[in-house]
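Going down the list, the protein sequences come from chains U and Z. Counting along the first sequence from 1, when you hit position 35 you're at 35 in my numbering, and nothing is skipped either side. Counting along the second sequence from 1, when you hit position 126 you're at 126 in my numbering, and nothing is skipped either side.
It should be emphasised that the hints constitute simulated quantities derived from the structure, not laboratory data. Even glycine gets a Cβ: it sits at the ideal position worked out from N, Cα and C. Keep in mind that a hint or two might mislead.
[What the hints assert, rightly or not] Distance windows between CB atoms, simulated:
{"#": "1", "chain 1": "Z", "residue 1": "283", "chain 2": "U", "residue 2": "84", "range": "26 to 34 Å"}
{"#": "2", "chain 1": "U", "residue 1": "54", "chain 2": "Z", "residue 2": "427", "range": "41 to 49 Å"}
{"#": "3", "chain 1": "U", "residue 1": "84", "chain 2": "Z", "residue 2": "412", "range": "21 to 29 Å"}
{"#": "4", "chain 1": "U", "residue 1": "40", "chain 2": "Z", "residue 2": "144", "range": "16 to 24 Å"}
{"#": "5", "chain 1": "Z", "residue 1": "248", "chain 2": "U", "residue 2": "79", "range": "36 to 44 Å"}
{"#": "6", "chain 1": "U", "residue 1": "84", "chain 2": "Z", "residue 2": "321", "range": "24 to 32 Å"}
{"#": "7", "chain 1": "U", "residue 1": "56", "chain 2": "Z", "residue 2": "398", "range": "23 to 31 Å"}
{"#": "8", "chain 1": "Z", "residue 1": "411", "chain 2": "U", "residue 2": "54", "range": "52 to 60 Å"}
{"#": "9", "chain 1": "U", "residue 1": "84", "chain 2": "Z", "residue 2": "427", "range": "42 to 50 Å"}
{"#": "10", "chain 1": "Z", "residue 1": "301", "chain 2": "U", "residue 2": "40", "range": "44 to 52 Å"}
[What the hints assert, rightly or not] Straight-line Cα separation of at most 25 Å, PhoX-like style, residue types lysine-lysine; simulated pairs:
{"#": "11", "chain 1": "U", "residue 1": "21", "chain 2": "Z", "residue 2": "436"}
{"#": "12", "chain 1": "Z", "residue 1": "153", "chain 2": "U", "residue 2": "21"}
{"#": "13", "chain 1": "Z", "residue 1": "220", "chain 2": "Z", "residue 2": "428"}
{"#": "14", "chain 1": "Z", "residue 1": "176", "chain 2": "U", "residue 2": "21"}
{"#": "15", "chain 1": "U", "residue 1": "80", "chain 2": "Z", "residue 2": "153"}
{"#": "16", "chain 1": "Z", "residue 1": "288", "chain 2": "Z", "residue 2": "237"}
{"#": "17", "chain 1": "Z", "residue 1": "440", "chain 2": "U", "residue 2": "80"}
{"#": "18", "chain 1": "Z", "residue 1": "237", "chain 2": "Z", "residue 2": "153"}
{"#": "19", "chain 1": "Z", "residue 1": "356", "chain 2": "Z", "residue 2": "301"}
{"#": "20", "chain 1": "Z", "residue 1": "194", "chain 2": "Z", "residue 2": "166"}
{"#": "21", "chain 1": "Z", "residue 1": "356", "chain 2": "Z", "residue 2": "394"}
{"#": "22", "chain 1": "Z", "residue 1": "201", "chain 2": "Z", "residue 2": "327"}
{"#": "23", "chain 1": "Z", "residue 1": "327", "chain 2": "Z", "residue 2": "356"}
{"#": "24", "chain 1": "Z", "residue 1": "341", "chain 2": "Z", "residue 2": "324"}
{"#": "25", "chain 1": "U", "residue 1": "21", "chain 2": "Z", "residue 2": "349"}
{"#": "26", "chain 1": "Z", "residue 1": "415", "chain 2": "Z", "residue 2": "428"}
{"#": "27", "chain 1": "Z", "residue 1": "394", "chain 2": "Z", "residue 2": "440"}
{"#": "28", "chain 1": "Z", "residue 1": "262", "chain 2": "Z", "residue 2": "220"}
{"#": "29", "chain 1": "Z", "residue 1": "394", "chain 2": "Z", "residue 2": "343"}
{"#": "30", "chain 1": "U", "residue 1": "21", "chain 2": "Z", "residue 2": "201"}
{"#": "31", "chain 1": "Z", "residue 1": "166", "chain 2": "Z", "residue 2": "176"}
{"#": "32", "chain 1": "U", "residue 1": "21", "chain 2": "Z", "residue 2": "166"}
{"#": "33", "chain 1": "Z", "residue 1": "166", "chain 2": "Z", "residue 2": "349"}
{"#": "34", "chain 1": "Z", "residue 1": "220", "chain 2": "Z", "residue 2": "349"}
{"#": "35", "chain 1": "Z", "residue 1": "194", "chain 2": "U", "residue 2": "21"}
{"#": "36", "chain 1": "Z", "residue 1": "301", "chain 2": "Z", "residue 2": "237"}
{"#": "37", "chain 1": "Z", "residue 1": "440", "chain 2": "Z", "residue 2": "428"}
{"#": "38", "chain 1": "U", "residue 1": "21", "chain 2": "Z", "residue 2": "341"}
{"#": "39", "chain 1": "Z", "residue 1": "401", "chain 2": "Z", "residue 2": "420"}
{"#": "40", "chain 1": "Z", "residue 1": "343", "chain 2": "Z", "residue 2": "324"}
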Amino acid sequence: MSHSHGNASSVNDPRQPSAAKPYIPRPVAPEDLPVDYSGFIAVILGVSGVMFRYKICSWLAIIFCAQSLANMRNLENDLKQISMAMMFAIMGLVTNYLGPNRPATKK
Amino acid sequence: SPFEGFDAEEDDVTDDSSHLLHHSLPPPLLTQSHSSLSDPDPEPEPSSAECKSDLITESDLEHQSDSKTPSSTPFEYWDEDEFEGLPVEIETLESPLITENGTHADPKTPDLKTSSEAQGDTNDQTKKKKSYAVEIACVCFLIALAINYFVGKRENESLALAWAAKFASKDTIFQKNFSMLGVSELEDSPLLLKEALNVFKFYASGRRYCHGLLATMELKSRHDLISRVFNLVVPCKDEITFEVYMNEETMDHVVFAMTKKKAAKTMQKEMRDLQRFAGIVSPPAGRKWVSEEFALISESKEVAADLITDTVLDQVFGDKAVDKYGKNFMSMHISDQHPGKHKKMMLFKFSLPDAKHMDDIVRLVALIPYYIDLVGRYRLSSQARNKTESGRQKAAEEAYKELHNARQEALQKKKAEKKKMMEEAEAKMSAEVIRKKEAKERARQVKKAVPKMKMSRSH
Chain U
1 MSHSHGNASS
11 VNDPRQPSAA
21 KPYIPRPVAP
31 EDLPVDYSGF
41 IAVILGVSGV
51 MFRYKICSWL
61 AIIFCAQSLA
71 NMRNLENDLK
81 QISMAMMFAI
91 MGLVTNYLGP
101 NRPATKK
Chain Z
1 SPFEGFDAEE
11 DDVTDDSSHL
21 LHHSLPPPLL
31 TQSHSSLSDP
41 DPEPEPSSAE
51 CKSDLITESD
61 LEHQSDSKTP
71 SSTPFEYWDE
81 DEFEGLPVEI
91 ETLESPLITE
101 NGTHADPKTP
111 DLKTSSEAQG
121 DTNDQTKKKK
131 SYAVEIACVC
141 FLIALAINYF
151 VGKRENESLA
161 LAWAAKFASK
171 DTIFQKNFSM
181 LGVSELEDSP
191 LLLKEALNVF
201 KFYASGRRYC
211 HGLLATMELK
221 SRHDLISRVF
231 NLVVPCKDEI
241 TFEVYMNEET
251 MDHVVFAMTK
261 KKAAKTMQKE
271 MRDLQRFAGI
281 VSPPAGRKWV
291 SEEFALISES
301 KEVAADLITD
311 TVLDQVFGDK
321 AVDKYGKNFM
331 SMHISDQHPG
341 KHKKMMLFKF
351 SLPDAKHMDD
361 IVRLVALIPY
371 YIDLVGRYRL
381 SSQARNKTES
391 GRQKAAEEAY
401 KELHNARQEA
411 LQKKKAEKKK
421 MMEEAEAKMS
431 AEVIRKKEAK
441 ERARQVKKAV
451 PKMKMSRSH
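Looking at chain U on its own, in the form it has when it is part of the complex (with noise of 0.2 Å):
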């Protein structure tokens, strides 16, 4: 390869500057990004922390949305399922912590 690569490059070069043409980046599709998995069971996980008192719903929540910024793609519109499975998230860690005990925990 080198040899014929020395051959080419003494002979030829095999540059065009004419046939240059600039990058044009294709318009992805937000249909086309792969599918945030993350983002979708940190949503499932906040409801259920918050209509269920599950504590660890609530932490897992937390986990899966840190998950979700990490492999976030395109700010517009990952961002919006994110934000909303955070809001779940915290929400279900303030009524855990904060919130009213229940009548079990009276018992």
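Starting from the known structure of chain U, arrange chain Z on it as the hints suggest.
Using the frame of chain U, we list chain Z on its own:
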């Protein structure tokens, strides 16, 4: 008789009975009673003597009364005596019991309180421990996520930069083959475009036979702790994909692919052009060929034989060289019937080694300009061209039929819409007719009304 004596004492005088009880009690109690009696009297000595004499006399009188009472008392009275006696005993018993209860309660109540407090403390401690355990675990995991995010991000960037330094910097293979590197036209532009934390793109252009090359590095999600753990179970590699967009006028009819044997069938099924035009090619007899771990998919054996040259076999794919230089090769796909925007395209897919072992893919990357020139200059023989022409004509006819069907469907839709419009027009017409009838009826009613008024005038 002593029982009767007790009853008699109770009947006579309660105070006396109490005194007697004190006497009957053991001596230390007696001493206590004496001390209590002596306190109110001013003279100690005569008071004690008087007390003793009084007690003796009282005892004598009581004995006399005892002898009298049993003869005179009936059974009913006796029962009453028993009933009267019981509450006194109960009281006397109750008072020490109460005191005992009090004394027990005094040590017991703090014991119970302390025990209850201890129980409460233990309950609270256990609850706190449980909740804190869960929270501590989750917070530690979040901290680990954050740390892994930055560490993984840096690792991915260093790997991408190592690749760029090896192949896209000055005096490297891409510098020598392409006149424009990077995603923007400016000089000294950044070479790599960072699409995501694990996806980097490199673009080059300005070479004969092709109008662009786009390299996409898909690294492992090192920045994601959960994906990193998942990759321990399901291992995956860092991949780089080169898309070379060939010029329309230079590339001939070539449909060719080469990949690992395990992935050959899957690749042929998935790629539409390979599925339609190509099949798996058996190695030709009497000639050096690629290592047994690779499989070839081609439209014709002639094309396969022409594209697998001796140089390629010696450098990368031969039996001697494949173990050292071809281990990172994944697939190669050269086609003039690519589905998508660019029809004539070459795809090369390699796995990336560590940042320290970028030399391992030097020969693999060198394949790319070699094949650009090879495919750019390649011309089929007349026989092979005829075969390929027939296949492509069939494909073109099918495409035309699909377009024709689409047009017919569009026309049918338009006709259906026209019919709907006509029906709507008819409905409107019928509505107008109804309105006309109503107008006529109203006119008739008006005419009928007029004669009534005339009759009134006549009257």
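Hints, verified against the model:
Checked against the hint of 26 to 34 Å, the pair residue 283 of chain Z and residue 84 of chain U fails, with Cβ atoms roughly 57 Å apart. Between residue 54 of chain U and residue 427 of chain Z, the C-beta spacing of about 59 Å breaks the proposed range 41 to 49 Å. Range check, residue 84 of chain U to residue 412 of chain Z: about 44 Å between beta-carbon atoms, so the 21 to 29 Å window is missed. Remark: the range hint 16 to 24 Å for residue 40 of chain U to residue 144 of chain Z is upheld by a beta-carbon distance near 23 Å.
A hinted range of 36 to 44 Å holds for the C-beta pair residue 248 of chain Z and residue 79 of chain U, which are about 42 Å apart. Range check, residue 84 of chain U to residue 321 of chain Z: Cβ separation about 55 Å, and the 24 to 32 Å hint is violated. The hint said 23 to 31 Å for the Cβ distance between residue 56 of chain U and residue 398 of chain Z, and at roughly 57 Å that hint is violated. At roughly 59 Å, the beta-carbon separation of residue 411 of chain Z and residue 54 of chain U lies within the given 52 to 60 Å, and the hint holds.
Between residue 84 of chain U and residue 427 of chain Z the Cβ separation comes to about 47 Å, which falls inside the hinted range of 42 to 50 Å. Checked against the hint of 44 to 52 Å, the C-beta distance between residue 301 of chain Z and residue 40 of chain U comes to roughly 49 Å, which is consistent with it. About 71 Å separates the Cα atoms of residue 21 of chain U and residue 436 of chain Z, which puts this hinted pair outside 25 Å; it is violated. Distance hint between residue 153 of chain Z and residue 21 of chain U is unfulfilled; the C-alpha atoms sit about 31 Å from each other, more than 25 Å.
A threshold of 25 Å between alpha carbons decides the hint, and for residue 220 of chain Z with residue 428 of chain Z the separation of about 66 Å lies outside it, so the pair is violated. A C-alpha spacing of about 17 Å is found between residue 176 of chain Z and residue 21 of chain U, which places the hinted pair at or below 25 Å, so the restraint holds. Proximity of residue 80 of chain U to residue 153 of chain Z is assessed by CA-CA distance (about 24 Å); at most 25 Å being required, the pair is judged to hold. The suggested pairing of residue 288 of chain Z with residue 237 of chain Z is violated, with an alpha-carbon distance near 30 Å, which exceeds 25 Å.
For the proposed pair residue 440 of chain Z and residue 80 of chain U, the alpha carbon gap of about 64 Å is over 25 Å, so the pair is violated. Straight-line distance between C-alpha atoms of residue 237 of chain Z and residue 153 of chain Z comes to about 16 Å, which keeps the hinted pair within the 25 Å bound. For the given pair, residue 356 of chain Z sits about 39 Å from residue 301 of chain Z by alpha-carbon distance, which is inconsistent with the 25 Å threshold. About 18 Å separates the Cα atoms of residue 194 of chain Z and residue 166 of chain Z, which keeps this hinted pair within 25 Å; it holds.
Proximity of residue 356 of chain Z to residue 394 of chain Z is assessed by CA-CA distance (about 50 Å); at most 25 Å being required, the pair is judged violated. Our distance criterion of 25 Å between C-alpha atoms is met by residue 201 of chain Z and residue 327 of chain Z, whose separation comes to about 23 Å. With a C-alpha separation of about 16 Å, the suggested pairing of residue 327 of chain Z with residue 356 of chain Z holds against the 25 Å cut-off. Taking the CA atoms of residue 341 of chain Z and residue 324 of chain Z, the gap is near 36 Å; set against the 25 Å cutoff, the hint is violated.
For the proposed pair residue 21 of chain U and residue 349 of chain Z, the alpha carbon gap of about 23 Å is at most 25 Å, so the pair holds. Note on residue 415 of chain Z and residue 428 of chain Z: the hinted pairing holds, with a Cα-Cα distance of about 20 Å set against a maximum of 25 Å. The hinted pair formed by residue 394 of chain Z and residue 440 of chain Z fails the criterion: a straight-line CA distance of about 69 Å is larger than 25 Å. Restraint check: the Cα-Cα separation between residue 262 of chain Z and residue 220 of chain Z comes to about 22 Å, which is no more than 25 Å; the hinted pair holds.
With a C-alpha separation of about 17 Å, the suggested pair residue 394 of chain Z and residue 343 of chain Z falls inside the 25 Å cut-off, and the hint holds. This hinted pair checks out: residue 21 of chain U and residue 201 of chain Z have alpha carbons roughly 16 Å apart, not beyond 25 Å. Restraint check: the Cα-Cα separation between residue 166 of chain Z and residue 176 of chain Z comes to about 13 Å, which is no more than 25 Å; the hinted pair holds. Using a Cα cut-off of 25 Å, the hinted pair residue 21 of chain U and residue 166 of chain Z holds, with the two alpha carbons roughly 24 Å apart.
Taking the CA atoms of residue 166 of chain Z and residue 349 of chain Z, the gap is near 18 Å; set against the 25 Å cutoff, the hint holds. Proposed proximity of residue 220 of chain Z and residue 349 of chain Z is supported: the alpha carbons are some 15 Å apart, at most 25 Å. The suggested pairing of residue 194 of chain Z with residue 21 of chain U holds, with an alpha-carbon distance near 20 Å, which does not exceed 25 Å. The straight-line distance between the Cα atoms of residue 301 of chain Z and residue 237 of chain Z is roughly 32 Å, outside the 25 Å bound, and the hint therefore fails.
Between residue 440 of chain Z and residue 428 of chain Z, the direct Cα distance comes to roughly 19 Å. Compliance with the 25 Å bound is thereby established for this hinted pair. With a CA separation close to 16 Å, the supplied pair residue 21 of chain U and residue 341 of chain Z stays within the 25 Å bound. The hinted pair formed by residue 401 of chain Z and residue 420 of chain Z fails the criterion: a straight-line CA distance of about 28 Å is larger than 25 Å. The suggested pairing of residue 343 of chain Z with residue 324 of chain Z is violated, with an alpha-carbon distance near 34 Å, which exceeds 25 Å.
Comparing the model with each numbered hint stated earlier shows that hints 1, 2, 3, 6, 7, 11, 12, 13, 16, 17, 19, 21, 24, 27, 36, 39 and 40 do not hold.
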